[in-house]
Amino acid sequence: MSDSAGKFVVPDRLTKRIHVALPIRVTCWDNQHQAHLEMACTYDISQHGARIVGLRSAQEPGEIVAVERGRSKAFCRIVWVGESNSELRGQIGLECVETDKFMWESELQEMVEAYEPILLENLPFRPVLVGPGGGAGRRRTPRFPIDGFAELLRGDGNSLEAPIRDLGELGCLVTTRLRLDPGTNLKVVLNVANCDLMLRGEVRHAAQDIGLGIQFHEIRKGDRSVLQYILRKLAEQEEESNRQRPKVRAAAASL
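Read in order, the letters of the sequence shown are residues 159 to 413 in my numbering.
Possibly wrong hints are sitting among the right ones.
With a straight-line cut-off of 20 angstroms between C-alpha atoms, the simulated EDC-like cross-links for lysine to aspartate or glutamate are [unchecked claim]: (1) K174 to E376; (2) K345 to E394; (3) K174 to E319; (4) K391 to E319; (5) K231 to E221; (6) K379 to D354; (7) K345 to E271.
Computed Cβ-Cβ distance ranges for the label pairs, DEER-style [said to hold, decoys possible]: (8) P219 to C199: 33 to 41 angstroms; (9) N400 to E265: 16 to 24 angstroms; (10) W238 to E263: 18 to 26 angstroms; (11) G313 to E221: 40 to 48 angstroms; (12) R337 to K231: 27 to 35 angstroms; (13) Q386 to C199: 17 to 25 angstroms; (14) H191 to Q386: 16 to 24 angstroms; (15) F260 to A193: 36 to 44 angstroms; (16) N349 to K379: 43 to 51 angstroms; (17) K379 to T299: 28 to 36 angstroms; (18) F302 to Q190: 43 to 51 angstroms; (19) E274 to D339: 25 to 33 angstroms.
Simulated from the structure, these hints should not be mistaken for lab results. Glycine included, C-beta positions come from ideal geometry on N, C-alpha and C.
With the sequences and hints as input, model every part of the structure.
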């Protein structure tokens, strides 16, 4: 969207992703173009790809593999490989390279997306001072600046797309000149770090000069580990930036 302040749009069909374990056959090719067949399992599925576990041969993003289930077969590109010391260890993200093919069509028609509650008592208490305009008190979990867009789907079917200013495990702040009343229930689709995450929540506050503050209540099953991975990476980047700041100041003072 070119309107950085956000606007209401007629929503496209939201990306449906189902957390389900399905046995699949995966064919990989080595450097000598020899095919190797492996059994693996889906972690979740969507119309144009999947997250899978149990694959040992293919390890590099960009590799092409063939995924088979029953009589269905599709060629996919490895988009990412989960780091061994991260929340995504053992997982591989696949994207179908056949533009006219929908993967898992029958499975997606038969199944519905499941959501998990976001319970405050299950989160580590890491108090963070709320910044200017965010109200008094302390946040339960930190927020981090991030580039990306959020699609906010209201109950009447209208959708607001707006840039994300910051993101945390319990909520986000989006930039928009449009107002939604506090208490408005929303389905939130976050497009960040080349991932799409789906949550349910409500508007907590709205101000023209600040934006919409949204509190999350539920997260799509399977998305929690991705959100935690993204937040951990953002925390590491912030920590590294804070370490570098005194060095920059010292270097400037010595000039």
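Outcome of the hint check:
| no. | hint | result |
| --- | --- | --- |
| 1 | K174 to E376 | 16 angstroms, holds |
| 2 | K345 to E394 | 29 angstroms, violated |
| 3 | K174 to E319 | 18 angstroms, holds |
| 4 | K391 to E319 | 25 angstroms, violated |
| 5 | K231 to E221 | 17 angstroms, holds |
| 6 | K379 to D354 | 13 angstroms, holds |
| 7 | K345 to E271 | 13 angstroms, holds |
| 8 | P219 to C199: 33 to 41 angstroms | 20 angstroms, violated |
| 9 | N400 to E265: 16 to 24 angstroms | 45 angstroms, violated |
| 10 | W238 to E263: 18 to 26 angstroms | 24 angstroms, holds |
| 11 | G313 to E221: 40 to 48 angstroms | 42 angstroms, holds |
| 12 | R337 to K231: 27 to 35 angstroms | 49 angstroms, violated |
| 13 | Q386 to C199: 17 to 25 angstroms | 21 angstroms, holds |
| 14 | H191 to Q386: 16 to 24 angstroms | 38 angstroms, violated |
| 15 | F260 to A193: 36 to 44 angstroms | 25 angstroms, violated |
| 16 | N349 to K379: 43 to 51 angstroms | 19 angstroms, violated |
| 17 | K379 to T299: 28 to 36 angstroms | 20 angstroms, violated |
| 18 | F302 to Q190: 43 to 51 angstroms | 44 angstroms, holds |
| 19 | E274 to D339: 25 to 33 angstroms | 27 angstroms, holds |
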